[in-house]
Structures are given as structure tokens and as C-alpha cells.
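Protein chains: 2
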Amino acid sequence: MTIQELLGIPLPIVQAPMAGVQGSELAIAVTQAGGLGSLPAATLTAEALRRELAAIRERTTGPVNVNFFCHAAPAPDPARDAAWRALLAPYYAQSGLDPEALPAGPTRAPFSAELADVLAELPPVVVSFHFGLPAPDLLERVRATGAKVFSSATTVDEARWLEARGVDAIIAQGLEAGGHRGHFLSEDLDAQAGTFALLPQIVRAVRVPVLAAGGIADARGVAAARALGASGVQVGTTYLLCPEATTSAVHRQALTPQAGESTALTNVFTGRPARGIRNRLMRELGPLRTDAPAFPLAAAAVTPLRTKGESEGRGDFSPLWAGQNTTGCRPFPAAQITRALAESW
Amino acid sequence: MTIQELLGIPLPIVQAPMAGVQGSELAIAVTQAGGLGSLPAATLTAEALRRELAAIRERTTGPVNVNFFCHAAPAPDPARDAAWRALLAPYYAQSGLDPEALPAGPTRAPFSAELADVLAELPPVVVSFHFGLPAPDLLERVRATGAKVFSSATTVDEARWLEARGVDAIIAQGLEAGGHRGHFLSEDLDAQAGTFALLPQIVRAVRVPVLAAGGIADARGVAAARALGASGVQVGTTYLLCPEATTSAVHRQALTPQAGESTALTNVFTGRPARGIRNRLMRELGPLRTDAPAFPLAAAAVTPLRTKGESEGRGDFSPLWAGQNTTGCRPFPAAQITRALAESW
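Keeping their order, the protein sequence lines are chains A and B. Counting from 1, one number per residue, gives the positions in the first sequence under our numbering. Counting from 346, one number per residue, gives the positions in the second sequence under our numbering.
Keep in mind that the hints were calculated from the coordinates and are not lab data. Among the hints, a few may not be true.
Stated by the list, open to error - Residues from chain B that face chain A, not an exhaustive set, calculated with beta carbons under 7 Å:
id: 1; residue: G379
id: 2; residue: D462
id: 3; residue: A465
id: 4; residue: E521
id: 5; residue: A542
id: 6; residue: A564
id: 7; residue: L573
id: 8; residue: A639
Every residue gets a Cβ at the ideal spot worked out from N, C-alpha and C, and that includes glycine.
Hey, can you work out the whole structure from these sequences and the hints?
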């Protein structure tokens, strides 16, 4: 079954939820164009989520996907956190920041009963999760809203696990994809495959529709995903320069067509591996460190450096999330990008 | 231009040269079926190469590709080598091998004037290289035979470098591919992309035909590669169970349809990163170590362990090269595999 059949939408394009670089504006534009727009809710409070869902309702009757992280909230680890701040101390000094007076960074809270309440009030057509699925009682509350449930798999095992728990579609997240890796059964990054290998193996292993994610930047990529058995695609990076996205100026500047050639997986920004364009913090501290605080605790100590850097036009400490193919990034309206992606389906 | 047009062959399938698991037999079968068979010459002496080329001549008039490694031969480093053997000492003890009496392992010699002489005697239609290109004088001798020259790129930069030196086709080696990574401009594995991202970016960057490699295991994969702009594909893993391959019994046994889900890049077998199915040596020592002797020197110390293990039916110390998609591996004749791969082109 294609994603169009599953959701009753004209185009096989899901806009990937991208926390930090977009809100309802981008989601609305993609849905209005005939794809599935997505609202990243990982950094939203219940009140902010309610506001965003209401804004979406006002502007479109089409389906929208609301995405949550469902990591286990880590136990505080003051010693690890102190060591992390000590590692960053030279950067605080260079940036003129007082390490004793750092504000808390943005939180990324896992899906919760409070957020489920908001979904019950303003039910979206699709609710998707990253890092597996929430606890059964919470998942049941999501289902009770009538929403279809999607989640990401980075391995065939994860896809089978998700299918066994009744998801309505699986996003096969190839290693090319930008942002956080969605793995949840194993932290072994070596076990994760490129889209070309992962997608057909997941398609072969499960019966639910599979969306391809990772490395898709144009209509040829969408056609290739279809050839490999995808029921649709999820595309993120390609939307980052859209006027409807809230991508920062330094991030936009970094998103050249060649940028995808110099990404890496890094955990220095949040504590979990995510793919971004290499910048100073990744080069000097990472890209992958075993001593980073657990997700999302690493972020708090980095955020002040990021804020200061961006205020001076530098992306040295900013997570410049991007996949391995940035050739589709254009400052065009999201509707135009969405239609162009779908034109060879 | 498709590979069929470039070489005058019926099918867009290049059988990947795989040193250690095949010789002329597999190459002949693929060429006879209408693809481009490949003879891996990395471990052949000049005399053995002459013999293999003569065997090919006897059996087919179709084009064959002869593949060479062109790494810089490393300077001997006795201290590093001794440390490597010390690391392996417990395994020698367990295997009942005398570390003082270890035979030399198989050599992987870079392309040389002596090998170029053999090509001049028995010129193949295609000569391909892994790890870049040989020195200009040697490359000139290859060209003088009339052979078309192919080489692998793992990044867009490498593809541009190869095109600038006049190669006739570029193999875009996605990170999914089995065996040795072909990188030669940078050792940074993070810079290497999956096929889905790498292939279209190389196609976009160069004008010569580009072959897709990595993760292609069936006709859908071949069709997807075509959608992404490939002029043909190079497939290796999928041929490993063919009767014409010389794949060892332990290697064949490891090549289940699921095996592709548990590969990793490792340098413990040869000193260079290569993708294989995880086994004991990779798990216990690797997969990637900074103290492994330079390619190909790491191999000599491991080979006796491998030989002993295989004689007892164990692949604990064997390089079980495979890509991230082993779902196409079947014990079918290579001609059948070749035709099946091409059926949706």
C-alpha cells in the first residue's frame, strides 16, 4: 500500500519532522501541497504543542504528522556533566561566557501523558516517534485518538520490532539521513546500513508500508526508492532552505550543494549520534565521544556557546544537521519542493 | 552513456573483482552471460595472471575486466609488526601455532611494471584499479594496450580526481559495499556516503559513465541505481555463492540472507578498512584498530590463524567479506544471477 492510499493524500512525500529548524509553518505548506507535513514536537511544551496544532487546524484540513522523541529520560549524572563542562571550559573562556552562570539549554522531553492529553484534544492524522515507541499505555492513548502511528527503523530488527507492536508504517532510516539516528534496539552504529541496503531488506521483512529516508534529494531519488519497494519517502534536508523553515542563518549558509560531502555522525551536541555538517566543535571534540552526557543532557552545556556563536554569525558550536545529499537544498517554497520531489513517482 | 554502449555488451552488470574468492571461472561465466566478468589480480603473480588471462582467452571472446590494487607498498615496520603479533599471541597459543614458525601470508602486491608486461601480452578490454590509480608511467602502459580504465571513488572528490586523470568509467562505491573500501584521497571513513547519496552526487559531478556499487542485490536494486543516474552496476556479494566462485566453505556458510545485517568495516584482516560479516576476530580485536600494521602487512600474521580455523570448519579468523545486502546470495550459476540482475534495467 502506498502512503497516498494509507492517508488519502495526493503525493508520496512525507516532510521529515526536524526539531529546532521548523514549526507548523513548514508542515502546513507541505500538507497544503499534497504531501504529509510534519510538526516536530520533541522540544515543545504541552502548551506550545496545543498552540501549534491549533495553528495547523486553522490553515489546513489535510493530514499532518506530529513527531515525538521517546527516549528514556536519563538519570542525572552530575560527575559526567561536570566533566563535560570542564571539557568545554576553554570554549566558554574564548566566548566570554561565565561557566558558573550558564542558562539551561532547550529541553527535549520524551513523549508523556501530558502531551498525549493534547493529542486527545486536537488529534492529528499521524503520530510518529523517534527512538522506538513510548510505553504501551501511552501508545494506547495515542491509538485511542484514531491517529496512525509511524516510527523509524535503522535496522531490519528494529523494523520487525515495530511491526510486532502494530505500527501503521515504518520509516527505513538509511545511514545517509540527517539529524538524529533513530536506533533503539542497539547502539552499534556499525549495524546501521545505507538506504540502498536497508530499504529493500525492511520491505522484504515486514508487511506494513515502508517509507524511505536518507539521501533522497530529488525526483530521481524518489523514483529509486520506489524501485526498491518504498511506499513513499520521508525527506528532511531538502526542505531546510525553504522560507517556511526556521533554519538559522548560519545553518542556511552552511547548506551548500557540496555540504553533504562533509557530514559526520556526532554526539557532541545532544549525547546521541546525529548527522550534521562538520564544524569546529565536531572537529575539535568529536565527532563521537564516549564521555558525552546521555541524551539529551549533553546539549545544555553546548547551547550557550551556540547562542553566542550564532549571535556573531558563526556556526562553530551549532548543530548543522544535514544528510549526505544536500544537492536538493534550494530557497524555494516548500510546495514547490514537494511537487518537484513527486514528479517521477 | 551506458556501460553496454561503452563496452558493446548486452547487460549493464559488472561482476565486482573479489580477490581471494574467485578467479577466471567466475569472470568467464559472467562475460559469457552478457555482463562484464572481472578477474581480481591483486594476489596474483605475473605468471599466475598470464595463466588466468590465457584461460579466459580460451573460453570467451567477450570483454573481461582485470583488477589491480594500487596502494603504495608500505615501508616495513618491525616494531609495529611485532606488537601486532604480540596482540595475536593468545590466539596462536589457542590454535596450537608456533609464533616463531609462522609462514608468510598471501601477498597483495600493487600494480607493477611486471604486471603491465603481462597486460601488454594479453590485453584485456578493461583494466580497473582499487585505491586510486597507479603512477602515470604505469597508467600510460595500461592505456597503450588499448584497455579502458576504470577506478572506484568513495567520495565526490575522488570521482573528480579520477575523471581529471582520464578514466573511462567510475565505480561509485557506496558505504554498503563489501570488501575493501577504495578510498585514496582521505582515510576519513566518515566522509564516505551510502550509495543513495554518493551515486547521484558523483553522476552530477562527472561526465564519464558511473557504475553503482554497494547494496545492490537484485533487479530492483539495479533499477533503482538506474533511476539515480547510473550507467550500470557493479555487484559483488551477490555472486559469492555461485559455483564458479572459490568462496571458502566457512564463508559460504556465513552468507545467509540475514548476514548483511551484521557486517562492519574492519582493518584487522589486512590493515585497510573492508566490510565483512562480523566474526570472532572482529568482535574481540576490532573492528577498527589504529595499531594494525599498514595494508597489506596486517594479513601475514592473521593468515595462519585463518588457515588453521578453516581446517577445523571455523571462520573465527577469516575475512568473511560481504556487503550490507546479502539477500541476493544464492548458490546459482553466475549466468543466472547476471540475467536476473539485469531483468528490470
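Tested hints:
no. : hint : verdict
1   : G379 : 21 Å, violated
2   : D462 : 39 Å, violated
3   : A465 : 38 Å, violated
4   : E521 : 4 Å, holds
5   : A542 : 4 Å, holds
6   : A564 : 9 Å, violated
7   : L573 : 5 Å, holds
8   : A639 : 22 Å, violated
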